[in-house]
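Novice: Sequence:
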Amino acid sequence: MNLDKQIIKEKITEINQTMAAAVFSIGGHFVQAAAQGSGVIYAEAVSHHYHSGLGIGLEAGFAAMGYNLEEGGNYSRVYSIDTEGGIDKIADDFEYIFKNLYNADPNLPFEVEDVE
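Residue numbers (this note's numbering): 403 to 518.
Calculated directly from the structure, the hints in this document are not laboratory data. Beta carbons are placed, not taken as given, at the ideal position from N, Cα and C, and that holds for glycine.
Simulated crosslink set (BS3-like; lysine-lysine; CA at most 27 Å straight-line):
no. : residue 1 : residue 2
1   : Lys501    : Lys411
2   : Lys501    : Lys491
3   : Lys407    : Lys491
4   : Lys501    : Lys413
Estimated spans, in silico, between C-beta atoms of each pair:
no. : residue 1 : residue 2 : range
5   : Ala466    : Glu518    : 24 to 34 Å
6   : Gln438    : Gly475    : 13 to 23 Å
7   : Thr485    : Ala436    : 10 to 20 Å
8   : Asn509    : Gln419    : 30 to 40 Å
9   : Asn509    : Glu473    : 28 to 38 Å
10  : Asn509    : Gly439    : 34 to 44 Å
11  : Asp490    : Gln438    : 16 to 26 Å
12  : Glu412    : Val442    : 17 to 27 Å
13  : Gly430    : Thr485    : 31 to 41 Å
14  : Gly475    : Asn502    : 17 to 27 Å
15  : Gly441    : Pro508    : 28 to 38 Å
16  : Thr420    : Glu513    : 14 to 24 Å
17  : Leu471    : Val425    : 18 to 28 Å
With these hints in hand, go ahead and build the complete structure from the sequences.
Specialist: Shown next, in the form of structure tokens:
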């Protein structure tokens with residue numbers, strides 16, 4: 403898979419420092435991260451409600467990772483990166499989401515876009 407956890411870690415660090423947001427994607431699958439305050443990162447992932455290629459069984463997978471199904475239909479979680487391993491946890495979780503929940507095509511490029 404073209405996903406690079408170091409890129410995720412660097413972008414999460416940047417997001418936290420600049421109070422910004424970014425979208426990480428492979429093909430039509432994405433995870434968005436946004437700073438909610440110093441050391442607090444809000445992450446959101448698409449649900450089966452919006453992506454017909456994803457199964458309804460995603461809820462259990464996301465729930466096991468601490469994500470909640472929001473009223474708007476996407477899964478979300480708040481991470482603290484002030485603790486040791488906080489940024490590593492986000493990178494590990496994003497990799498797991500793309501590989502195991504989305505089953506993203508490993509041959510497609512991993513892209514990161516800033517959100518204005």
